[in-house]
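Could you put together the complete structure from these sequences and hints?
For what it's worth, the working numbering labels the leading residue of the sequence shown as 1, then goes sequentially.
Worth flagging that the hints you see were computed from the coordinates, not collected in a lab. A few of these clues could be false.
[To be verified] Derived pair list, reagent style DSSO-like, types lysine-lysine, alpha-carbon separation capped at 30 Å:
{"id": "1", "residue 1": "LYS143", "residue 2": "LYS34"}
{"id": "2", "residue 1": "LYS12", "residue 2": "LYS52"}
{"id": "3", "residue 1": "LYS143", "residue 2": "LYS43"}
[Unchecked claim] What follows is a set of in silico ranges between Cβ atoms, one per label pair, in the way DEER data are often shown:
{"id": "4", "residue 1": "ASP6", "residue 2": "GLY68", "range": "41 to 51 Å"}
{"id": "5", "residue 1": "ARG95", "residue 2": "GLU137", "range": "35 to 45 Å"}
{"id": "6", "residue 1": "VAL13", "residue 2": "MET75", "range": "18 to 28 Å"}
{"id": "7", "residue 1": "THR139", "residue 2": "LEU21", "range": "15 to 25 Å"}
{"id": "8", "residue 1": "LYS168", "residue 2": "GLY68", "range": "21 to 31 Å"}
{"id": "9", "residue 1": "HIS101", "residue 2": "ALA66", "range": "42 to 52 Å"}
{"id": "10", "residue 1": "SER25", "residue 2": "SER51", "range": "37 to 47 Å"}
{"id": "11", "residue 1": "GLU106", "residue 2": "ASN36", "range": "16 to 26 Å"}
{"id": "12", "residue 1": "SER109", "residue 2": "PRO141", "range": "17 to 27 Å"}
Glycine is no exception: its CB is placed at the ideal position from the N, C-alpha and C atoms.
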Amino acid sequence: MLSLWDADFYFKVDDDVALNLEALSDYLTARRMKKNLYLGCMKSGQVLTDSKWKWYEPEHWRFGDALGPQGINYMRHATGQAYGLSRPVAQYIARNAHILHRYANEDVSVGAWMLGLEVELVHDLLLCCSSAAQCREQTTPEKRCLVFSEVTCAGICQAETRLEPIWKSCLEKPYEAVTLATFDQTETSTA
Numbered sequence: 001m002l003s004l005w006d007a008d009f010y011f012k013v014d015d016d017v018a019l020n021l022e023a024l025s026d027y028l029t030a031r032r033m034k035k036n037l038y039l040g041c042m043k044s045g046q047v048l049t050d051s052k053w054k055w056y057e058p059e060h061w062r063f064g065d066a067l068g069p070q071g072i073n074y075m076r077h078a079t080g081q082a083y084g085l086s087r088p089v090a091q092y093i094a095r096n097a098h099i100l101h102r103y104a105n106e107d108v109s110v111g112a113w114m115l116g117l118e119v120e121l122v123h124d125l126l127l128c129c130s131s132a133a134q135c136r137e138q139t140t141p142e143k144r145c146l147v148f149s150e151v152t153c154a155g156i157c158q159a160e161t162r163l164e165p166i167w168k169s170c171l172e173k174p175y176e177a178v179t180l181a182t183f184d185q186t187e188t189s190t191a
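As structure tokens, then:
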């Protein structure tokens, strides 16, 4: 991909995610001078050691021993819905791909690769909006949702039909009053 596109940042984005490209462009422009960035919503969740789970990790033993009932945790890494790398970091991965270990989940793999590098982890909640409340809180450019994940869908519904009203209400016109029946139903049903 790096040989096809010359960019300052490279992002991986799932197909059930909506982007505010204008706001994301402004956000990245402000960070262009920083060289080694890994951007996203950072998390450290439990390693799934049971093969019946969707995100089962066959090589769970590499993450150490369980120290209690919570099991083994992953190292801090960006959630898989959307994350980005600055050009130098992406170039490093491209040059060394042949010797980088790949885990069952690509977001864990990228997080593992970052561990030994002098990379700044940028944890920003604007890169992982997923609720009506977050949309309503968009009152200034500094609070604009850059990435919106339709987390209730998770591949079991038609994300594109659910994302369209979210895009129109949350990302296309972020400072207008937000009333989203889709959100309100989702938030009520998952509460």
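Verification of the hints:
At roughly 21 Å between alpha-carbon atoms, LYS143 and LYS34 fall within 30 Å of each other, so this suggested pair holds. Taking the CA atoms of LYS12 and LYS52, the gap is about 26 Å. The hint holds against a cut of 30 Å. A C-alpha spacing of about 21 Å is found between LYS143 and LYS43, which places the hinted pair at or below 30 Å, so the restraint holds. Between ASP6 and GLY68 the beta carbon distance is about 48 Å. The supplied range of 41 to 51 Å therefore holds.
Checking the proposed 35 to 45 Å range against ARG95 and GLU137 shows it holds: the Cβ atoms sit about 40 Å from each other. For the pair VAL13 and MET75, the beta carbons lie near 22 Å from each other, so the given range of 18 to 28 Å is met. Checked against the hint of 15 to 25 Å, the pair THR139 and LEU21 passes, with Cβ atoms roughly 20 Å apart. The hint said 21 to 31 Å for the Cβ distance between LYS168 and GLY68, and at roughly 45 Å that hint is violated.
Hint check: HIS101 to ALA66, Cβ distance near 21 Å, so the stated range 42 to 52 Å is violated. Taken as a hint, the range 37 to 47 Å holds for the pair SER25 and SER51, whose Cβ atoms sit roughly 41 Å apart. Roughly 20 Å separates the CB atoms of GLU106 and ASN36, a value that falls within the hinted 16 to 26 Å. In this structure the supplied range 17 to 27 Å is violated for SER109 paired with PRO141, their Cβ-Cβ distance being about 33 Å.
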